[in-house]
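In our numbering, the protein residues as written are 3 to 208.
Be a bit skeptical, because a hint or two may be false.
Said to hold, decoys possible - Cut-off 25 Å, straight-line C-alpha distance, at most; resulting in silico cross-link-like pairs (BS3-like, lysine-lysine): (1) Lys-206 - Lys-177; (2) Lys-164 - Lys-177; (3) Lys-206 - Lys-164.
Stated by the list, open to error - Beta-carbon label-pair distances, calculated as ranges: (4) Asp-202 - Ala-36: 29 to 39 Å; (5) Lys-108 - Arg-147: 36 to 46 Å; (6) Arg-208 - Lys-177: 45 to 55 Å; (7) Pro-83 - Pro-47: 33 to 43 Å.
Hints in this document: simulated from the structure, not taken from any laboratory. Glycine included, C-beta positions come from ideal geometry on N, C-alpha and C.
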Amino acid sequence: HLKHSLYEKLGNSILDSPPSYLAALNRNDGNETARLLLMLAALSPANALFLSVHGSSPPMPQVFSSSDGSNEYFIMSRGLPPLENQSFADKIVLADACYGGNPNRKESESLPLLFLRNGAVAFVGSTTSALANRKVSRQDFEDEREILALGSSTALHYRVLKGLASGERVGDAVKNARREMQHGNAADELTALQYVLYGDPTLKAR
């Protein structure tokens, strides 16, 4: 679903998560930093970063990870020098991850606060669960209506990205995405309540 033109408008390259080169490796094999550098280089041109990953629950230090069905791989965690030193200047970061925007962490253990400290203008994430539709990783879509019909965090993130691509301020994009979630659908209503915006709501994707 990320192949739609709105995603390309925001300067993104699409990386598999986890990338195929992780298949033969263990998650704690000593190459975490090298993998992170490859990912950061691919993400650096983007105006808005969309991370579709697994999250970790507080109060443990925050980790974004991915699974290939057999193993789970660390994608981002605090304390890795390349990430701690990476500039996210003028970027808007969206995390489709459980607990991605949960505030119950120390500053030194929070990924959203790292992004903002390093220049991101805004972060959008869920305080608790992120109910993404699993079909999106296995299916191509010809029409954006098919994506929106999936509901939950999948539809919310798509709507936010669409708003950013059309020039909306990030606060308006998030507000409008929440408003368009399906009333009467428990998963959609929960998603609209769970997602928060940190940063300056008046800014736009460049």
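Here is how each hint holds up against the structure:
Using a Cα cut-off of 25 Å, the hinted pair Lys-206 and Lys-177 holds, with the two alpha carbons roughly 14 Å apart. Taking the CA atoms of Lys-164 and Lys-177, the gap is near 13 Å; set against the 25 Å cutoff, the hint holds. Proposed proximity of Lys-206 and Lys-164 is supported: the alpha carbons are some 12 Å apart, at most 25 Å. In this structure the hint that Asp-202 and Ala-36 lie 29 to 39 Å apart at CB holds, the actual value being about 34 Å.
Range check, Lys-108 to Arg-147: Cβ separation about 42 Å, and the 36 to 46 Å hint holds. The supplied range of 45 to 55 Å is broken by Arg-208 and Lys-177, whose beta-carbon atoms lie about 20 Å from each other. Restraint check, Pro-83 to Pro-47: a C-beta distance of roughly 22 Å breaks the suggested window 33 to 43 Å.
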